[in-house]
Amino acid sequence: MNIHYQLQQIRTGRREAFTPIVEHYQQALFGYLGRMGLSQEHAEDLAQETFLKAWQNLARYDPDRAAFSTWLFTIAHRLALNFLQAAHHKEQTQEADNPIFATTNTPQTRTEQQATHHRLQKALRRLPLQERSALALAHLQGIDLKTLARMEGCSEAALKVRLHRARQKLHQWLDTDHG
Amino acid sequence: MAKSPENWQQQLQDDLVQAPADFSQRVMQQIATQPLPELQESTPPWWTWLAVAGSFLLGIEQLLTFIFSIWLSSAAN
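Line by line, the protein sequences give chains A and B. Quick note: the first sequence uses numbering that gives the first Met the number 0, first residue 0, plus one each step. Quick note: the second sequence uses numbering that gives the first Met the number 0, first residue 0, plus one each step.
In short, the hints are calculated from the structure, not lab data. Any given hint might turn out to be false.
[What the hints assert, rightly or not] Computed, partial: chain B to chain A, Cβ under 10 angstroms:
(1) 6
(2) 10
(3) 12
(4) 13
(5) 14
(6) 17
(7) 25
(8) 29
(9) 60
(10) 63
[As the list claims (entries may be wrong)] Between beta-carbon pairs, the in silico distance windows are:
(11) 18/A <-> 54/B: 36 to 44 angstroms
(12) 154/A <-> 61/B: 52 to 60 angstroms
(13) 145/A <-> 46/B: 35 to 43 angstroms
(14) 12/A <-> 61/B: 23 to 31 angstroms
(15) 21/B <-> 0/A: 14 to 22 angstroms
Glycine included, every Cβ here is placed at the ideal spot set by N, Cα and C.
For reference, chain A alone in the conformation it holds in the complex (with noise of 0.2 angstroms):
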């Protein structure tokens, strides 16, 4: 997809360019929204509000300064942080089982695949929110360590650190938890 094309196109007032743009990206965007520990239903609402508000602030939208990829990533990012920390904050008020990230699975119908699926999805949960969000970053294709580490608001090194914790606390709960 030639995303200075679609742009052309929405500029001469073709609003049905977005689609394309909506098709090529959603997929990375639910993958990441899942690696940051969302639910199905939750990841949706912040996907669809991702391409809304790219479409609101697409005026802004530089080529010169960022590849449109990570331009969108961003304005997920920052949805998705404020999003969790608003449940963190309302999970630690409330004391209570957060809905948030309620999963639809019953243990009768969990096959084995499925049960590693909500194992890891329990597992990205008890990250700190540092350490989920840099990894669920790093899973990024073709967004460079300097772009992300840009985005996350820290230095590469400290991007690394924080995703070799992650991945070190993933191995260490995945490989002797049963969840």
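Once you have looked at the hints, place chain B on chain A.
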């Protein structure tokens, strides 16, 4: 019993949540209610400016050569 590390690492690589089949339609329904963004024409890249500047200098050089040749032929007579 230790779990297979490859299994969860593969799942981490794969997407834990999926985009619904009608997701882009749902987004576009929302976009339809939004005003069109006022996109600016993007600035030409630096090599475009370099080409324009180069052409301009070449034109000046041609003009000066022409004037000089006129002066030279009139001075010779």
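> Is 14 to 22 angstroms right for how far apart the beta carbons of residue 21/B and residue 0/A are?
Replying inline: holds (20 angstroms)
> Between residue 18/A and residue 54/B, does the beta-carbon spacing fit 36 to 44 angstroms?
Replying inline: The hinted range 36 to 44 angstroms holds for residue 18/A and residue 54/B, with Cβ atoms some 40 angstroms apart.
> Against chain A, with CB atoms and a cut of 10 angstroms, does the hint on residue 29/B hold up?
Replying inline: holds (6 angstroms)
> Does the interface hint hold: is residue 13/B within less than 10 angstroms of chain A, judged Cβ to Cβ?
Replying inline: Since the shortest Cβ distance to chain A is 8 angstroms, the answer is holds.
>> Just to be careful: measuring from the Cβ of residue 10/B to every Cβ in chain A, is the smallest value less than 10 angstroms?
In response: Since the shortest Cβ distance to chain A is 5 angstroms, the answer is holds.
> Should the hint that residue 12/B touches chain A count as held when the rule is a Cβ pair under 10 angstroms?
Replying inline: This interface hint holds because 7 angstroms falls under the 10 angstroms limit.
> Hint check: is the beta carbon of residue 25/B less than 10 angstroms from a beta carbon of chain A?
Replying inline: holds (7 angstroms)
> Should the hint that residue 145/A and residue 46/B are 35 to 43 angstroms apart at their CB atoms be regarded as holding?
Replying inline: At roughly 24 angstroms between Cβ atoms, residue 46/B and residue 145/A fall outside 35 to 43 angstroms, so the hint is violated.
> Between residue 154/A and residue 61/B, does the C-beta distance stay in 52 to 60 angstroms?
Replying inline: holds (53 angstroms)
> Hint check: is the beta carbon of residue 6/B less than 10 angstroms from a beta carbon of chain A?
Replying inline: Hint on residue 6/B: holds, closest Cβ of chain A at ~5 angstroms, below 10 angstroms.
> Minimum Cβ distance from residue 17/B to chain A below 10 angstroms?
Replying inline: Result: holds, 6 angstroms to nearest chain A Cβ.
> Holds or violated: is the Cβ of residue 63/B closer than 10 angstroms to a Cβ in chain A?
Replying inline: violated (35 angstroms)
Violated hints, listed in ascending order, are 9, 10, 13, 14; each of the other numbered hints is respected by the structure.
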